[in-house]
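Once you've looked at the hints, dock chains E, P and X against the given chain Y.
Chains as they are written, first to last, in our numbering: chain Y, 16 to 664; chain E, 345 to 825; chain P, 5 to 217; chain X, 12 to 313.
Please note that the accuracy of each hint is not assured.
To be verified - Which bits of chain P does chain E cover? Going by a derived footprint, with three or more residues having C-beta under 8 Å, they are:
{"hint": "1", "stretch": "114-121"}
{"hint": "2", "stretch": "148-159"}
{"hint": "3", "stretch": "164-173"}
Read the hints as simulated data drawn from the structure, not as lab findings.
For each residue, glycine too, the CB sits at the ideal point set by N, CA and C.
Spelled out from the first residue to the last, the chains are:
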Amino acid sequence: MTPGPFLLLAAVCLTAGIATGPRRPRLWTGLSVAGTAAGLGAALLGLLGAPEWEWWSGFPVGGEELHLRLDALSALFLALLCAVGGAGAVYAGEYWSDHHYPASAPRGRAWWSALLLSMGWVLVSSNGLHFLIGWELFTVSAYFLLTLDRTRPEVRKAGWLYLAASHAGTVCLFAFFAALASRTGSWELGPMRDQLGLAPLLWLALLGFGVKAGVFPLHVWLPSAHANAPSHVSAIMSGVCIKMGIYGLVRFSGWLPVPAGAGWVVIGFGAVSALLGIAFAFAQNDYKRLLAYCSVENVGIIMIGLGAALLAAAQGDAPWGRLALAGALLHVWNHGAFKSLLFFGAGSVLHATGTREMSRLGGLWQAMPWTAGLFALGAIAVSGLPPLNGFTSEWLVYLGLFDAVTGRGPAAGGAMLAAIVLGMAGALALASFVKATAMIFLGAPRTQAAVRAHESGWTMRAPMLGLAAVCVSIGLAPVLFWPAVARAVGVWHPAWSPTGAPAPLFTLGAVHLVLAALLVAAAAWLWTKAQVNGWRRGLTWDCGYAAPAARMQYSSGSFAGIGAGWFAWILQPVRNLRRPRGLQPVVALRLEYVPETVLERVIGPAAEVILQVSTTVRRLQHGRLQSYILYIVAGLAALSGLVLLGGTS
Amino acid sequence: MISLLLIFLPLAGAALAALWPDNRTRPWLLPAVGTVHTGLTFWLLLNPPVVTPGAWLAFDPLARAVLPAVSLLFFVCATYGVAYLRVRQERPNRVFVALLLAVLGLLSAGHQSRHLGLLWIATEAVTLAAVPLLHFNGTPRAFEATWKYLLVGGTGIALSLLGSFCLGYASLHGGGGGDLTFASLMAQGTCLSRPWVLIAWVLLLVGYGTKMGLAPMHTWKPDAYGEAPGIVGALLAGGVTTVAFTAILRVRAVVSAAGEGAMADRTLLVIGLFSMLVAALFLLGTRDYKRMLAYSSVEHMGILSIGAALGGAGVWAALFHVWSNGLTKGALFLSAGNIRRAAGSASMDDVRGTAVFAPRSSMIFVAGMFAVTALPPFGPFFSELRVVRAGLALPGHGWAVAMFLGCLLFAFFGLTRVVFGIVDGRPRPGAKAGGRRFVESAGVIVPPLVLMGLSLWLGLHTPAVLQEAWSAAVVQLYPQP
Amino acid sequence: MNTNLNLLIGLAMGLNLIALGSSRLPSLIRAMSFQGVVLGLMPLLMEAEFKWTVGLVALATMAGKGLIIPSLLNRAMRAANIEREINPFIGYVPSLLLGAGGTIAAVALARTLPLLPEHAGSLLVPGALASVLTGFILLIGRAKAIAQVCGYLILENGIYLFGLLLIHSTPLLVEAGVLLDLTVGVFVIGIIVDRIQRAFDSLDTRKLTILRE
Amino acid sequence: MTTVLDLFVRLAWWLLLAPLLPGIINKVKAWVAGRRGPPVLQLYYDLARLWQKGVVLSTLASPGFVAGPAVAWVAVIGAALLLPLGPAGAALSFKGDALLMLYLLALARFSTTWAAMETGSAFEGMGAAREVSYAVLAEAAMITAMLSLSVQTGSISLLTMLTPSAGAGAALLAAGLFTVLLAENCRVPFDDPNTHLELTMIHEAMILDHSGPPLAAILHGAAVKLLLFAVLLTEAVLPMGDLSPFGATGALLAGVLAVTVGVGLVESFLARFAFRRVPLLLTTAVLLCLFALLVAWKGGAV
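Just chain Y, same shape as in the assembly:
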């Protein structure tokens, strides 16, 4: 039983989805679900020990014959793609319905299928040229999905930023693949660790894929894109698209020889992303931006794992690298699951209230208990707390780092710092998500919009339930998922090919199971006890203040105040403060907004300079013919100079 037929079925369904999507929403949903299910089947086959599947076809595309390959590594990412893709398709049916968006919803369905198709193509194609084709197509279809609501200028702006940044990355990949092809003499991809000459190319890949993965400081496009996209698009962009960057990194750091120091660079980027990403997240007031920056953090965690693995591989395949990489790959799944869940939740909040500002929400749990509960679950998972999946993968990464430290190898120092950073990032993530859930769902509604909120329908809740189930099951039974991850690790580095779990995953799973049971039991017990003792509802005591108003609640800005203060050096918050004056102050105001520092403080000025140059140069085309002819003479002179310069051949 090979994955081939499943992949074919998936491709057919999704292609049909592109064709039928605009006209036939129901059929499209069916096709998408069927296609992703088939793809998931293929992925599972690849993960559950089917031998690496390869397929050549004589049919050339772009002058290169098709060469598809599905090994455990690509299957791992394919599984994630299919899970989120299917869930998103269902979710979109209600969230971005023809009724609400008659203009863009049909377009959106077609692009969604195109996105899934092209990402799947990237995952299975084993030819540089085809990889690039898929890569570009998925970038562009993501762009058109992101800008579904083109009427809003800020959406267009975010979309353009995304497109520009992605193209910058793509240019690096052009160079990378072209150099690879010109050095190996063919576009074919595959393991080539023995050709040591190729090592330097990995730097190009790091740059190109890093942009897509949203590694700090290459993440500039990410926050605005994820915040302004329709939420199901944010979910797949954050859950899957940026993982394609990770896929590229893992894939090629596994296939190519690794330059010395790459491990240090990767782990360094990871640490920076993890800490600064979550620091930015903590300071946000827009909950979708908060989720976006949190993705930067999680990519950082994954990069820490990958970097540790690279270091280990460089030091004679120390086994702790295997743990770290396994943790990183498992975190790819976990982040995909809970971040999509959170974005779906954010979507239904946005759907219900129409605002992305936490300071305009509050008390939504009464109106939308399902969303609140599921979002809370996602929050616990993303904060890396037991007994959910987030902790499982972070725990593996920790183990890798701790082993590296106890091994006292040359990598110990880096591992120490990484572990400490990981700890701080975890605590900050917890803070951020306590803030997010509390500001959105707890307390009293701060605006009428929050009062009028309503729960979303089943087609939006069902995908969230599915993803929540994934989070819970990876948390409670990590052993079940270990073999898949172990195979992927084995593909990355044959020396680490599958053996038993190096960590007591079974014990952890058992502990999680017991813990979960006890938590539920204790909660129920306390609840009943409270009921038995009898309770009454009363106004929040609030130190005796008689008439507490919603506006008096702790706001998201003040909640983040302390933590954001510590990172003010990088957050560069822009404050607009008007203190109350006089005995009876009429107006008092304290607005704080955290800019995207790298974009607005670094790239913005640089762009200004370039535009200045462009303006200066464009003055030369001032319409005076005489100077045009002078230019010709100048060109003549310059070329003659060039010829005479090195003319002695």
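Same frame as chain Y, but now just chains E, P and X:
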């Protein structure tokens, strides 16, 4: 002698058009001649004729590698022309049609001429024939553009003639019998007098480079493309420039036969990169979407000359790019022409939301923009990627490739900025062409669509015969000793 | 025979300087047309015995450069009844100095280039370079369209001069040069007289700067 | 069977012993101040009384308001069970349990802050914000401490990590852990458990609106957490492995007592810091642990 037929058939068509009485039916001559011409060229492409060594005019491998693209482009533009001229009933099209056909004939002559002087004459003639096409719109802006085109282009022409003289004198000085066919010049090889060859190369590069639109001799381009009808722009960008490019290729072959290949490649590389840089900088700021196309064309001419500088593989890629860029640019020019007629202006400042009132053209325009900025699976992606690969294959060209890619990136920024700037948003009230609604009839939509399709097909499944033709051309330019 | 030829070339070079120095269009046109006639004579001098092709070239040149185009230009001037002042971008004295310096440089440069024995003594190469340079100076330094056309013609005369080096071996190429005159014809008739005049009611190219950037 | 028995004994130790510590602390403070002070068993009485009381729920509170304390309580107990008790070892010990313990404490923090945010009261919000923010530094300190212990012992399992003494860096580690203990358990100088000025409180501010059984769960959980840190500190510093079972038990008890008294003394002699100086102190704790780590690493003793 089919190669002569390729030249004289369109010229005859031109004469017929000049005599044709009826303004309404005259445009049909364009597709009629175009069909036959394209048929002939592709027949020749499929079974190439044997070339007599001394021939002055022949369908040699280089012509075979490029001319069909020009002919194909002309054919599609001709079908567009019918619909376009129907829209422009108010203007007499006698001169326009006749000269379009003449241009086709002269282009065929230029591509096929294997003689230094003949090549120059053909190029000169094309330049002159294109003049009235430029000011078809009859606006003062159009005349200004034409005047600049003539004087700048004329200077270029003059310099290329001087260059031809120098090359001729080099051969004379090297004991040549005054036979100025490229074959015999290459045969003379290192006998050619080196100083004269160097001078000739510089003059010819600048001269034909002016025609091609390489910076800093590109100044006529934005004006001409900005003011000419879309169909003329497409033909200039996809046809006339290619004659100049092939001319440079032929001369370069002679120069490298004279042992100065390295020098020639260096100059080509530098001028190519400079063109791309200038184009990128202009694209970052331009606010006129037709002039934007002109700068984009400058950029792609830069790509061509870089390709020509990168040895056999590079030339192969460049010939590929002649096809892919010509066809894709054609689609862009035609759809831009539609948008221009629908919106009544070519400036970003007064055009917005074309997706609302010209949806199909806008769609093609956006798609073409992505295609021309190397979005797979369209043709330019593959040709440009091959240029990059050829560059990385050569030692010590890393900086050039880096600069090449950087320019591509900035050009992308500029193009997307302008294109999305006009396509998106809410249309301005009352920005209409003479109040008359522009209908996106099949006649003006299908041709650009066809061109996009061709570009796609070229990329996804580059026909073996074309690849073979390009390889043959490379062999002609880089004869194995 | 070379001496006579050099005499004529010297004359042509002198006419370059006059063209650079002349401050009124008519005198510029006159200098240019006289140079055309001079150039027309040269092929006849270069030939030991009369060849009809050469004669044809000579005749065409004299007719084109000496008569037709100057008359067209004069007609254009009258039709456009523009004031005769040239009002240059580059002043007359600087132009003259540039031209003179250029001529000297041309002579110096020509000495370094290898020539066939039969051309060894002739001033053809320096003369050609000098005229080309003069042409460029006029094209760059003059505002009036007609003055620029004259500049172009002188540039082209330089090229023609150079072509004479090849008149034995490849007469066709030289004859092709005559096509350039056609270009000028197109300039003059097609553009200047009717169009620009009508569109801008002036021939001052400083008005032709709508299209920019 | 024995394992079940063992489990019960441990639970008894943790659940029953924990409430003693706050009593002792208060006694020490009273003694220093020359007062008689509340009886040592005061907390037991309070818990018993609260357990019988009814509950007042804020109108805004969701079920999470009651579930939060329960979750926190279970999480803390779970963390405590992972900690070895001198010679008795741990109930369950596996590679990486140290990290699980830290993250169980984090889970407790999450649920208490969550419950605090339920009421929409500004004071509770303030307390929660402080709790989660200072936890960032405390977490860093704890991870560093764990790192130094595992470098010391070459293991990531609490049982083996805590058996020997922390070696050369013991003093530094002790100081660092003690500071973290004060911060994590909201004692002076970070927080004042028995002030009544809400603006200055962390933990107390968070539980303003709790009452009845949930409040009991919170208080008891806090006591267990205090005991947990005391045990951790003691075992990290003292070489438990080298002592006889009785000696070890005695040492453990003595250590815990010493830590408790120490806390009491600190509370009586130190005033609460201004909040802007709190991060400084916590950073010092991190640095202390970091130095301990470096000593353990470069000390090269394995």
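Now the hints, each set against the structure:
1. 114-121: Satisfied; 5 residues make the cut.
2. 148-159: holds (count 4)
3. 164-173: It holds: at least three residues are needed, and the stretch 164-173 of chain P offers 6 whose Cβ sits within less than 8 Å of chain E.
Comparing the model with each earlier hint shows no violations; every hint is respected.
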